[in-house]
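Residue numbers (our numbering), protein chains in the order written: chain A, 90 to 462; chain B, 189 to 522.
It should be emphasised that the hints constitute simulated quantities derived from the structure, not laboratory data.
Treat each hint with caution, since some may be false.
[Claimed, not checked] Computed Cβ-Cβ distance ranges for the label pairs, DEER-style:
1) C202/B - D240/A: 47 to 53 Å
2) R511/B - R155/A: 49 to 55 Å
3) S304/B - R303/A: 47 to 53 Å
[Claimed, not checked] Computed cross-link-like contacts, BS3-like style, restricted to lysine-lysine with a CA-CA straight-line distance of at most 27 Å:
4) K237/B - K259/B
5) K276/B - K418/A
6) K413/A - K352/B
7) K418/A - K264/B
8) K259/B - K410/B
9) K410/B - K413/A
Note that CB positions come from ideal geometry on N, CA and C, so glycine has one too.
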Amino acid sequence: MRRRDFIAYGSAGVLSAALVNEHPENTAEAQVAAGFSFDLELVEVFQEMIDGEVLFALALRDQITRALRPILNVVEGANVTFRITNRTRKARRFALAGLADDFFAPIPAGGSIQLQTIANEAGTYCYLDNSEQAASRVAGFHGMMVIAPSDGKTPTGTRTPYNTPTAAQSMLFDALGTARFPGEKWRPDLPSRTRTWVFNAIDPVLQQQLELGREVDQTAFLRTFYPRYFTLNGLSGYDSAHDKDTVPRGYVGEPVLIRCINMGLCTHSPHIHGNHVFRLSSTSPAGGVVKNQSIPEVDTWMLGPLARVDVLLPFVRPDDIPEKAWPPKQEKFPLKYPMHCHMEMSQTARGGQYPQGMITDWELLGDRRGGAL
Amino acid sequence: MIVRDREEFEAFGCDVNDDEIATPDKLPPNISFVWEGPREVDIRMPDGKEVTFWNFSDPRDSKSRDLWPSKTMRVKQGQVVHSTLDAKKNTHTIHHHGMNSSTMNDGVGHVSFEVSDRYTYQFQPTHAGTYFYHCHKNTVLHFEMGMYGFLIVDPPSGRGTLYKDGPRYDVEALWALDDVDPSWRAIDHQAGLCGEDAGLDLFRPKYFMITGVPHPRTMTDKRAKITAKLGQTILIRHLNASYSVVSTTIQGLDATVYGFDGRPLLHPSVPWAAPIFIPAGTPFETVSAQRFDLILKPTRIGRYPVRIEFRHWVTGEIHDGGRGICETVIDVTE
Ligand SMILES: [Cu+2]
Ligand SMILES: [Cu+2]
Numbered sequence: 090m091r092r093r094d095f096i097a098y099g100s101a102g103v104l105s106a107a108l109v110n111e112h113p114e115n116t117a118e119a120q121v122a123a124g125f126s127f128d129l130e131l132v133e134v135f136q137e138m139i140d141g142e143v144l145f146a147l148a149l150r151d152q153i154t155r156a157l158r159p160i161l162n163v164v165e166g167a168n169v170t171f172r173i174t175n176r177t178r179k180a181r182r183f184a185l186a187g188l189a190d191d192f193f194a195p196i197p198a199g200g201s202i203q204l205q206t207i208a209n210e211a212g213t214y215c216y217l218d219n220s221e222q223a224a225s226r227v228a229g230f231h232g233m234m235v236i237a238p239s240d241g242k243t244p245t246g247t248r249t250p251y252n253t254p255t256a257a258q259s260m261l262f263d264a265l266g267t268a269r270f271p272g273e274k275w276r277p278d279l280p281s282r283t284r285t286w287v288f289n290a291i292d293p294v295l296q297q298q299l300e301l302g303r304e305v306d307q308t309a310f311l312r313t314f315y316p317r318y319f320t321l322n323g324l325s326g327y328d329s330a331h332d333k334d335t336v337p338r339g340y341v342g343e344p345v346l347i348r349c350i351n352m353g354l355c356t357h358s359p360h361i362h363g364n365h366v367f368r369l370s371s372t373s374p375a376g377g378v379v380k381n382q383s384i385p386e387v388d389t390w391m392l393g394p395l396a397r398v399d400v401l402l403p404f405v406r407p408d409d410i411p412e413k414a415w416p417p418k419q420e421k422f423p424l425k426y427p428m429h430c431h432m433e434m435s436q437t438a439r440g441g442q443y444p445q446g447m448i449t450d451w452e453l454l455g456d457r458r459g460g461a462l
Numbered sequence: 189m190i191v192r193d194r195e196e197f198e199a200f201g202c203d204v205n206d207d208e209i210a211t212p213d214k215l216p217p218n219i220s221f222v223w224e225g226p227r228e229v230d231i232r233m234p235d236g237k238e239v240t241f242w243n244f245s246d247p248r249d250s251k252s253r254d255l256w257p258s259k260t261m262r263v264k265q266g267q268v269v270h271s272t273l274d275a276k277k278n279t280h281t282i283h284h285h286g287m288n289s290s291t292m293n294d295g296v297g298h299v300s301f302e303v304s305d306r307y308t309y310q311f312q313p314t315h316a317g318t319y320f321y322h323c324h325k326n327t328v329l330h331f332e333m334g335m336y337g338f339l340i341v342d343p344p345s346g347r348g349t350l351y352k353d354g355p356r357y358d359v360e361a362l363w364a365l366d367d368v369d370p371s372w373r374a375i376d377h378q379a380g381l382c383g384e385d386a387g388l389d390l391f392r393p394k395y396f397m398i399t400g401v402p403h404p405r406t407m408t409d410k411r412a413k414i415t416a417k418l419g420q421t422i423l424i425r426h427l428n429a430s431y432s433v434v435s436t437t438i439q440g441l442d443a444t445v446y447g448f449d450g451r452p453l454l455h456p457s458v459p460w461a462a463p464i465f466i467p468a469g470t471p472f473e474t475v476s477a478q479r480f481d482l483i484l485k486p487t488r489i490g491r492y493p494v495r496i497e498f499r500h501w502v503t504g505e506i507h508d509g510g511r512g513i514c515e516t517v518i519d520v521t522e
């Protein structure tokens with residue numbers, strides 16, 4: 090009997106947070122020189138859905154931290170080594186969308202492999218298994234890889250998430266912390282100023298097929314795919330709205346970068362309340378990072394399958410609170426606002442239970458850090 | 189097992205706070221609205237069937253009673269707005285979508301409350317542009333049932349300009365693109381909230397509409413069809429109010445997106461943004477709740493066809509076996 094782990098989704102995020110801190114940026118050069126390596130294993134697990142339903146799933150796990158679907162943080166220009174053991178019953182193929190889609194060799198069931206690539210452009214990426222086209226990816230073999238810039242500064246020295254940011258990106262990041270956006274610049278050194286949101290939608294029938302080891306009919310796959318659970322960082326509804334690694338929290342003037350990837354098969358429509366966001370990047374048809382030349386300010390953005398989009402949540406005072414009602418006196422902080430997908434079927438779990446779907450909240454703790462409320 | 193606080197968990201969706209609440213930090217308004225709702229409005233479809241929608245209606249305006257989508261809210265940038273919901277049946281909310289209001293004034297039950305009686309939402313729009321308002325309770329169902337209307341914020345100078353120092357327009361069209369699943373009409377307003385499978389993840393629309401007009405009446409009805417004189421500038425406020433990926437193609441006329449979700453794309457305050465040029469005949473895609481403000485400046489008289497496709501969120505196929513489309517025209521006359 091092959092070992093399978095029963096895990097609760099809720100514990101995954103906590104562990105991955107430790108990884109975020111592992112590589113402070115001030116030693117970027119040293120890190121690039123040393124390279125990065127990850128010891129990972131592919132596992133079959135059972136995971137609990139928001140309504141208590143337990144489903145089979147696939148996942149990549151960090152062998153050291155035990156984090157499921159870890160966020161892999163590396164620095165641009167570095168060599169990245171993956172040592173992967175496949176503890177599932179099938180051969181799998183590890184891929185990095187936009188970086189190394191196809192050229193990695195398959196990993197036989199029970200086997201191990203060492204793979205290498207170069208982190209060649211800063212941005213938000215994802216890893217996945219493409220051995221059964223989308224099936225095992227949707228079933229849980231996926232996660233985010235973040236390439237931090239080796240330099241990442243605008244011409245005037247402001248930190249950004251991109252190397253050689255576009256003129257538009259530079260103008261926006263330079264404007265943070267000025268009269269236009271009172272407060273601070275974006276702070277890559279503070280983990281709380283970056284959130285990573287992995288979107289997915291789960292079809293219990295597909296999970297079961299994979300559990301039983303059945304072949305997935307690739308031709309009928311999309312037409313029969315019927316997602317019934319909708320997750321953000323593997324969590325839904327109440328759980329994702331209370332997950333400390335998912336929820337952006339901060340004071341006015343503490344902008345947060347949100348890296349979004351959609352590992353599922355639905356086209357989503359993430360919509361945020363309370364602040365508009367700035368759409369910083371998108372994905373080219375070939376999978377590369379597109380640094381936007383024009384940055385629209387939006388409350389809703391399209392996130393199709395495999396899309397990777399970075400947005401900046403400026404943490405400004407919500408614009409449309411009347412001037413004379415700010416700061417609010419009769420309303421309690423934190424102000425809480427949802428971010429949810431507006432293709433509202435995604436707000437359900439097993440056909441109901443609104444809003445126990447693809448949603449989280451963000452929290453505005455006060456007018457300014459240290460200020461009186 | 190994941191351990192959760194049971195009471196908090198239920199307050200998230202099944203048993204949301206519906207206490208009577210007074211508007212916090214209430215100010216004297218510059219403009220106010222009252223909405224009763226929901227009211228049932230039946231619309232006869234081209235196949236002869238009547239389909240029920242729910243609207244918000246203005247008790248001071250009898251014509252609004254049978255309007256669907258609900259009556260447009262039109263305000264000016266800088267006005268303190270009061271929008272009062274008088275929940276006539278059950279509990280509902282109003283979320284003024286795109287307005288960055290305070291939490292209590294945002295209309296989202298799980299972080300504030302749902303309205304069982306009356307509540308006045310307060311906000312002061314800072315950006316002229318295209319918004320909408322909708323019920324945010326059991327939204328998957330209540331939005332599909334039609335509890336929405338446009339919310340237009342004009343710049344201080346009023347209609348005719350999209351935003352201060354922005355493009356001017358002579359002809360304005362409000363397009364709410366919607367897909368309608370008649371089978372959802374049998375679903376109870378509370379359905380699913382406390383755990384039952386109400387089928388609210390299975391959406392199979394059969395009717396496709398522009399601003400309350402089902403295809404193919406969209407070819408002639410003035411709510412969809414646009415008529416302009418040569419030399420006039422057209423503004424289309426394009427709202428995806430559906431649960432589809434909407435693909436829109438305007439034949440023969442170039443369009444430029446000057447506004448996005450109530451924010452300008454060409455303005456000194458946003459040097460990092462730029463308008464988006466959409467050449468004639470090029471499809472552009474939107475997802476639910478996105479608003480594009482399109483400016484068209486026809487240079488030749490003629491009839492310009494518009495095709496709007498409603499595509500499935502997984503397969504990308506046009507809904508209803510390829511019938512999920514709306515067609516209309518832009519007539520440019522002498
Ligand atoms: Cu919402
Ligand atoms: Cu409602």
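The hints, checked one at a time:
Checked against the hint of 47 to 53 Å, the pair C202/B and D240/A passes, with Cβ atoms roughly 50 Å apart. Hint check: R511/B to R155/A, Cβ distance near 51 Å, so the stated range 49 to 55 Å holds. Judged by the Cβ atoms, the range 47 to 53 Å given for S304/B and R303/A holds: they are separated by roughly 49 Å. For the given pair, K237/B sits about 24 Å from K259/B by alpha-carbon distance, which is consistent with the 27 Å threshold.
Proposed proximity of K276/B and K418/A is contradicted: the alpha carbons are some 30 Å apart, above 27 Å. Simply put, K413/A and K352/B have alpha-carbon atoms about 23 Å apart, close enough for the 27 Å limit, and the pair holds. Restraint check for K418/A and K264/B: the C-alpha separation of about 26 Å stays at or below 27 Å, so the hint holds. This hinted pair checks out: K259/B and K410/B have alpha carbons roughly 16 Å apart, not beyond 27 Å.
Distance hint between K410/B and K413/A is unfulfilled; the C-alpha atoms sit about 41 Å from each other, more than 27 Å.
Violated hints, listed in ascending order, are 5 and 9; each of the other numbered hints is respected by the structure.
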